[in-house]
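J.: As a plain string of letters, each chain reads:
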Amino acid sequence: MFAQAATSPEVVWSLLWPLLFLSIGGVLLVTVTSVIPALRRPGMPAALTILIGGASFVSTIPVWRRVADTEGPTTVVAGAMSVDAFTVVMTAIIAASVVLTALVLDDYLRREGLDGPEWYVLLLMSASGGVLMAAADDLIVLFMGLEILSIAVYVLAALHLRRTDSQEAGFKYFVLGAFSSALFLYGIALVYGATGSTQIDQIAANLRLPNEAGLTPIEDASLLLAGVALLLVGFAFKVSAVPFHVWTPDVYQGAPTPITGFMASAVKVAGFAGLARVFVISFSEFGSGDLIQDDWRPILAILAGLSLVLGAFMAAGQSDVKRMLAYSSIVHAGFLLIGVHAAGHGDAGVADAGGRALVFYLITYAAMVVGSFAVATVVAGRGDADHGVDAYRGLFRKHPALALMMAVLLFSQAGIPFTSGFMAKFRVLGAAVDGEAYVLAGVAMLAAVVAALLYLRIIVAMFLDDADDEGGDEQVAGSVRKIDVPVGAAISIVLAVIVTIGLGVLPDLGRGVVAAAADVLVNR
Amino acid sequence: MVEAVWLIPALPLAGFLTILLFGRRLGEPLAGWVATAAMAGSFLATVATFFGLQSRDHDDRFHVQTIFTWIESGSFTIDIGFLADPLSIAMCLFITGVATLIHLYSIGYMHGDPNFSKFFLYLNLFAASMLVLVLGDNLLLTFLGWEGVGACSYFLISFWFQNPSNAGAGKKAFVTNRVGDFGFMLATFLVFHEMGSIRYTDVLSGAPELSPGVGAAIVMLFLLAAAGKSAQFPLYVWLPDAMAGPTPVSALIHAATMVTSGVYLLTRLNPVIAAADGWVGPVIAWVGALTALLGALSALAQTDIKKVLAYSTVSQLGYLFLAVGSGAYVPAIFHMITHAFFKALLFLGSGSVIHGVHDEQDMRRMGGLAKFMPITAGTFIIGWLAIAGVPPFSGFWSKDEILIYAWEESPLLWFIGLVTALLTAFYMTRQVILTFFGRTRFFDATQEEIDQAWENRSAGAGAELTAARADLDKVAEGVAKAQADVDKRAAAITEAEGAFADAQAAVAAATEGDDGYDKLVKTLTKAEKAVPKAQDAFAKAEAKLVEANEGVAAAEAAVADAEAKVSSLTGARLSGPSVPTVVTAKTEAVDVSELEADLPESYAHRQGHPPHESPWTMTVPLVVLSVAAIVAGGLNLPFTKGLHFLEHWLEPSLFANEHHLEASGAQKWLFAIIAVAVGLVAIVTAFAVYLQRRTDPTEFEQGIAPVASALDDAYASFMGGPGRKLFELLTWFDRTIVDGAVNGVADTVKSLGTTTGRTVQTGFVRQYALLIGFGSILVMAWFLGRILL
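Residue numbers (the working numbering), protein chains in the order written: chain A, 1 to 524; chain B, 1001 to 1789.
I should point out that these hints are in silico values taken from the structure, not numbers from a laboratory.
Predicted model only: the values in this text are computed from it and were never measured.
One or more hints might be untrue.
Distance windows between CB atoms, simulated [what the hints assert, rightly or not]: (1) Leu404(A) - Gly1027(B): 12 to 22 angstroms; (2) Ala205(A) - Ile1777(B): 29 to 39 angstroms; (3) Tyr438(A) - Thr1695(B): 53 to 63 angstroms; (4) Arg397(A) - Asp1362(B): 27 to 37 angstroms; (5) Leu1017(B) - Arg397(A): 34 to 44 angstroms; (6) Pro400(A) - Thr1695(B): 53 to 63 angstroms.
Short derived list, chain A residues pointing at chain B, Cβ under 10 angstroms [what the hints assert, rightly or not]: (7) Leu48; (8) Tyr438; (9) Leu453; (10) Pro507.
Ideal Cβ positions, reconstructed from N, Cα and C, are used throughout, including at glycine.
Looking at chain A on its own, in the form it has when it is part of the complex:
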């Protein structure tokens, strides 16, 4: 790609609309709102963002038609980006997260007295970075996407001006994120040094070349593996896999709650999209017939196991719901890593099951986690401080609908049948069992059992509480507070619940979509 940089590559704009909506929309939002004061009125930036995110989401449909049905997967901008079913699905998830987050964010900012277009601009920029990451067909482009995504999120995390927690979260995330980015970049350099390419397909192709003396493009296997190691660390940091998760509880807890939801959904989805694409596609096999997966799959299994166990056990000891959900997201990362692990399996059938499980899990996970954090946003009340389990006491009595929705979302996270979370876990575990990763599957089930306690604690607080006997709650200051669910948050939560139940009861609904997306990863 560097050689061609002198001449402008041909660009198929029509395939880039989902990305362009987000990035150009973001740029326009910041410029236009500063020129036209009417657009700065409360609610306007949010409405525009929802419009932009929605446009991006809708524009994935024609792109899907072309790449999945008629023309087949392709690359654009001289091989910088792949436009294929996987890209489109990930883009759609991220665009949907933007819409759902913006819905919650609007009222949140008014409640906190923080309204301003910059939140939405950063949200859109970060989403465009995520889409770039998911679509990148080149490690350099992927890194660009990663940085565009991350820098915007660092600022978003710190943007609640009146909460020191928020600023601390942004600061920590930034310092550690910079550290991991450095490792990631170094990893790219090493991989380039070893394989002579930064392009994902090309790396795979180069690795597969016959390993004749002097002809191999692989200069040094140790160089390659060191690069792989550093890339893995970079991704593991982004998806908060243990032991690279250390920032997660603090940052999730400190960041403004709707932003935490965005981080847990879109940012994680982008991270996993990149991880899956790079590892499953690029690092598949050597020309000598050895599988490079044998090098990275075991360590991936260890990371997954650690995330599952530590996340589940640590979550049990928390009393802050945001922190609980942070640890729960670490457990989910463990499950998703199992999906990647299976997708990298040498056997095509297992890999296919793993890929599908991964894609399905990402879709369901994004929905339930955005919904959960939307409820947390509503419950926290002014000041975004009321996140203890106690704040959920007697929620059913105060607001039955909200409590029921939250219960559905939490049941789904716990993996109770007839929710999407159950199907997601079921598929991931099924793929792991197919791939004979019994220990990993066993650990995952154990983690699911332990983690269920955490969700149940919140559910029980909502339904069974002494606030039920009349007058008893007057003593508990704060819990008498009436809970109003703003329209935006309500829409967001209801949509999340619809997806959660819909994919739980009819898990085959998006079967073709999931299968096509997984196909990109595994049928190389």
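Given the coordinates of chain A, work out where chain B should sit on it, guided by the hints.
T.: For chain B alone, kept in the frame of chain A given last:
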């Protein structure tokens, strides 16, 4: 009519939804009636399905009704479907039947509860979950029901959550059950992996091709699951604690439904057990036998009327596992059904008793209740005869069959079963005697009341002493005042005498006729008169002083008295009346006549409110269940083949995996006679001990009591010891490193001025970076290690 099968779980589910939406509006008692009607409808649907199945050919009694396909990927499909076969319908018949009665009963029992409709909400959901568990046509659907009943029991046990012990008990049930659920999940995946399907029809037909080792692994994992749900050793600890919930819940969970699901699961999978290694059956049987014995031993010395029944349930469930492990599937289901009737009867009876004696659960506070609540007593006695294995009550027939099968598995198992039967007859007789016969101890003063009386009394004595002391102080003050007065008067005399002497001298010095002589004389006269006046006053003051001194003595005596009274009270309390901790029918009432005046109000209140019989909504279910407890034995009478109704009915579901008895008719008679004899011995012994008090059971009861809590204590010490340490280690990590950072910020802001403060804050992020760096090095080391090796 088998098409009605979907209605069986759908009706309670509809009831649940109705109450969920309109519960508050329906209120009491309408919400209860809606729930009961839903349950009754479900029962009718079951009956319809039963006749539908019966009209079919004997070998064609498997009806799978698919509602829709839930998951379909390649060859792997999971349906939402119901399997109506003889086994599931047999289960449903007694589940819906007993549940309907329990719903009806709850209308009376929960009367006046502020969360009346919420209770029925959970009750209906629980029943629906249980029916899904039984009727699901695949393991996943069973698991859904499995989880559902677990969650509902958690909610129901914690129903009276104001009491922290209830919430704790609910949690214990949940955690223990999760251990079992883990086994279920693993087993399901193993089945899926081995057979490619988790549909019962596929699993059952494919089971014979399983390798014995894999079969054993599957069964062991399901055994773990079943042990959690059906309260088997070592996971039974939650069940006695779960007694904290409302009584109808205990009856529903312990008698008819949730606890039987483990037995159902193992029976359902009998072809897998048959395909597994030979040691699998004995393991199940031994787990059951051990549980049966431990449960019975634990029940012996319980004083809580519901705890006796809870441990008894543990013990009876052990029987069921013993039966399953011995290949006695029909007797297992048979005993499950009879047990469902008589245990539900006993639980509901105990609830009626508790209701009648104003929420008292301690049997030492009961006795002689038969005359206050004749219906409850009469039905309870039928339940007792059934569980004690007295012919012709239902429990005898089913228990007897299990014992014969146990003998053929191993005589030792039979012996344990027999000992358990003996213990069961003994503790149940004890319960009946303590509750319904002998003197009515209900009116007696309780130890708490006596303690309270003593407290009242010593408070009174204390007040008296304080008063006496205050009195003494006051008197002493009076003495001091009188003394001061005396002194003053004495001084006045001296003064008066001085004045008189002065006046005399003045008169003597003056001459008559002088100016002022008259005046002097007048003064003299006055002074002369003043002296006796002063003397008078002095005498009076002195008299007052004497009087005051006398008062001091009296007051001192009063103080001494009061002091003596206080100190004697402690002694009197030690030697005074106390309520015995172990009672029999002969236990005399504590004599509280001397304390009467000081007894708290609750004592007097009780005298005016004797125990009463429960309303008809509660007694009707008791009567219906007691009829069932008498006649249910007729389901499978041993005399001729033609009377083996249940065996014949269940045959298609058991695939000839039922163990075939080798015992001859004469041997069967012998076993029956031994069992009856043992039961009668136990009953007679219990009568001798508890009704006639031939020996004192105190030492025996105190000796056996620790058995009940032994395992519980072991868990507690593990959770308090190594288990807690592990957990603490994890939380330490979070608190010091992760939370430390969060708190660190606050501290840092405080000490922002100092340079150390800044170092600390950056230190935390460094710590994180260090961890990430460390992790990176490990990952790197792994990859580089791959090259070197």
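J.: A separate judgement is required for each hint: does it hold in the structure or not?
T.: Each hint, compared with the structure:
Distance hint check for Leu404(A) and Gly1027(B): the Cβ-Cβ separation is about 21 angstroms, which falls inside the suggested range of 12 to 22 angstroms. Between Ala205(A) and Ile1777(B), the C-beta spacing of about 31 angstroms keeps the proposed range 29 to 39 angstroms intact. At roughly 58 angstroms, the beta-carbon separation of Tyr438(A) and Thr1695(B) lies within the given 53 to 63 angstroms, and the hint holds. Here the CB-CB span from Arg397(A) to Asp1362(B) is close to 34 angstroms, well matched to the stated 27 to 37 angstroms.
Range check, Leu1017(B) to Arg397(A): about 19 angstroms between beta-carbon atoms, so the 34 to 44 angstroms window is missed. At about 59 angstroms, the CB distance of Pro400(A) to Thr1695(B) agrees with the hint of 53 to 63 angstroms. The criterion of a C-beta within 10 angstroms of any C-beta in chain B is not met by Leu48(A), whose closest approach is roughly 35 angstroms, and the hint is violated. Taken as an interface hint, Tyr438(A) checks out: its beta carbon lies about 9 angstroms from the nearest beta carbon of chain B, inside 10 angstroms.
Hint status for Leu453(A): holds, given a least beta-carbon distance of 7 angstroms to chain B, under 10 angstroms. Among the interface hints, the one on Pro507(A) holds; its C-beta lies about 5 angstroms from the nearest C-beta in chain B, closer than the 10 angstroms criterion.
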